[in-house]
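**Student:** Going letter by letter, the sequence shown gives residues 118 to 361 in our numbering.
Think of the hints as simulated: they come from the structure by calculation, not from any bench. Accuracy of the hints is not assured; some may be wrong.
[What the hints assert, rightly or not] Pairs of lysine to aspartate or glutamate residues, derived as EDC-like cross-links and limited to a Cα-Cα distance of at most 20 Å, are as follows:
hint	residue 1	residue 2
1	Lys198	Glu184
2	Lys127	Glu345
3	Lys237	Glu282
4	Lys272	Asp284
5	Lys127	Asp299
6	Lys233	Glu208
7	Lys274	Asp290
8	Lys281	Glu271
9	Lys155	Asp334
10	Lys237	Asp264
11	Lys236	Asp194
12	Lys187	Asp225
13	Lys274	Asp264
14	Lys127	Glu337
15	Lys155	Glu192
16	Lys155	Glu208
17	Lys237	Asp213
18	Lys127	Asp247
19	Lys236	Asp213
20	Lys198	Asp213
21	Lys198	Asp225
22	Lys198	Asp247
23	Lys237	Asp225
24	Lys155	Glu210
25	Lys236	Asp225
26	Lys233	Asp247
27	Lys272	Glu285
28	Lys274	Asp284
29	Lys127	Glu338
30	Lys198	Glu156
31	Lys155	Glu337
32	Lys233	Asp194
33	Lys127	Glu174
34	Lys236	Glu271
35	Lys272	Glu282
[Unchecked claim] Here are the computed distance ranges between Cβ atoms for each label pair:
hint	residue 1	residue 2	range
36	Lys272	Asp329	43 to 53 Å
37	Ser266	Leu148	38 to 48 Å
38	Ile283	Glu192	34 to 44 Å
39	Asp351	Lys233	42 to 52 Å
The C-beta atom is built at its ideal place from N, Cα and C for all residues, glycine as well.
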Amino acid sequence: MSFDPQSLEKIPRHVALIMDGNGRWAQERGLPRIEGHKEGAQSVRAVLRAAAQAGVEFITVYAFSTENWKRPAREVDGLMKLLISSLNAYEQELHDNHIRLRVMGQFDRLPLLVRKRLKKTLDATAHYTDHTFIIALSYGSRMEIADASRQIAEKVKSGELQAKEIDEQMISDHLYLPDVPDPELMVRTSGELRLSNFLLWQLSYSEFHITDTYWPDFREEQFFQALEAYNARDRRYGGVKKSR
118 MSFDPQSLEK IPRHVALIMD GNGRWAQERG LPRIEGHKEG AQSVRAVLRA
168 AAQAGVEFIT VYAFSTENWK RPAREVDGLM KLLISSLNAY EQELHDNHIR
218 LRVMGQFDRL PLLVRKRLKK TLDATAHYTD HTFIIALSYG SRMEIADASR
268 QIAEKVKSGE LQAKEIDEQM ISDHLYLPDV PDPELMVRTS GELRLSNFLL
318 WQLSYSEFHI TDTYWPDFRE EQFFQALEAY NARDRRYGGV KKSR
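Turn these sequences into a full structure, and let the hints steer you where they fit.
**Tutor:** Next up, the structure:
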């Protein structure tokens, strides 16, 4: 698909993606579920390339939720091994495209080998400022908000803050990555119509793009289609539509 970023009036600074449909993609082909996740890793690479081409600064993918720990141990182990092998295989692409890797979620809950491998790439890419790739790992938005509330409560208890000082900005400042702007666009694949405990606070005014495409089939063309759909939206933030 030929795509010209200059043809769009609006390019989202931050796009969040719920990568759904890996298991169904594999099952429909008579393959183990992990094969769907492996093919989905190729879609992540495609989206990062497309985002860089379009000028999107931040990409956040929902890779593993707090609820995903309930999945069979074999599948969880396979996903953790896939994360390590993907970092080994594709880290150079992050350097080639000046992409910073960041992680949000319960980092300490991840296996030790995963944490060590992630830290290596986190440290190696920390100086890049052109683009940022955020992986939500062992992440749940309700837990994130609870953690933020707990931090604020401790500051009130210690006298560092007054309760009357608590406002929306203060809560935002205590989330996992407070320096990252809220997503303007959220994309969910496989046609599901729910947020699944993903960025509940940050997505308050985001535009949603839902596609029936399974994540392993979501590549550059589908990403550009999402950007074109976003470009056609009239973002009013609770106001009235502007007359033309």
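**Student:** Do the alpha carbons of Lys127 and Asp247 lie within 20 Å of each other, as the hint requires?
**Tutor:** 18 Å, holds
**Student:** Run the distance test for Lys198 versus Asp247: straight-line Cα separation, threshold 20 Å.
**Tutor:** 28 Å, violated
**Student:** When you check the alpha-carbon spacing of Lys155 and Glu192, does it fall within 20 Å?
**Tutor:** Distance ~12 Å between Lys155 and Glu192 Cα, so the pair holds.
**Student:** Take the C-alpha atoms of Lys272 and Asp284, compute the straight-line distance between them, and say whether it is at most 20 Å.
**Tutor:** Between Lys272 and Asp284 the Cα gap is close to 14 Å, so the pair holds against 20 Å.
**Student:** Straight-line Cα separation of Lys127 and Glu338 no greater than 20 Å?
**Tutor:** OK: Lys127 and Glu338 at ~18 Å, within 20 Å.
**Student:** Do the Cβ positions of Ile283 and Glu192 conform to the proposed distance bound of 34 to 44 Å?
**Tutor:** Since the Cβ atoms of Ile283 and Glu192 sit about 40 Å apart, the hinted range of 34 to 44 Å holds.
**Student:** Assess, step by step, whether the Cα of Lys237 is no farther than 20 Å from the Cα of Glu282, and give holds or violated.
**Tutor:** With Cα atoms ~38 Å apart, Lys237 and Glu282 exceed 20 Å; violated.
**Student:** Between the beta carbons of Lys272 and Asp329, is the distance compatible with 43 to 53 Å?
**Tutor:** 45 Å, holds
**Student:** Sort out whether Glu285 lies within 20 Å of Lys272, counting only the CA atoms.
**Tutor:** Distance ~16 Å between Lys272 and Glu285 Cα, so the pair holds.
**Student:** Under the criterion that the straight-line Cα-Cα distance not exceed 20 Å, is the pair Lys155, Glu208 satisfied?
**Tutor:** 16 Å, holds
**Student:** Does the hinted range 38 to 48 Å hold for Ser266 and Leu148 at CB?
**Tutor:** Given range 38 to 48 Å: holds, Cβ gap about 42 Å.
**Student:** Hinted pair, alpha-carbon criterion (20 Å max): Lys155, Glu210. Please report holds or violated.
**Tutor:** 17 Å, holds
In this structure, the earlier hints numbered 3, 10, 20, 22, 26 and 34 are contradicted, and the remaining ones agree with it.
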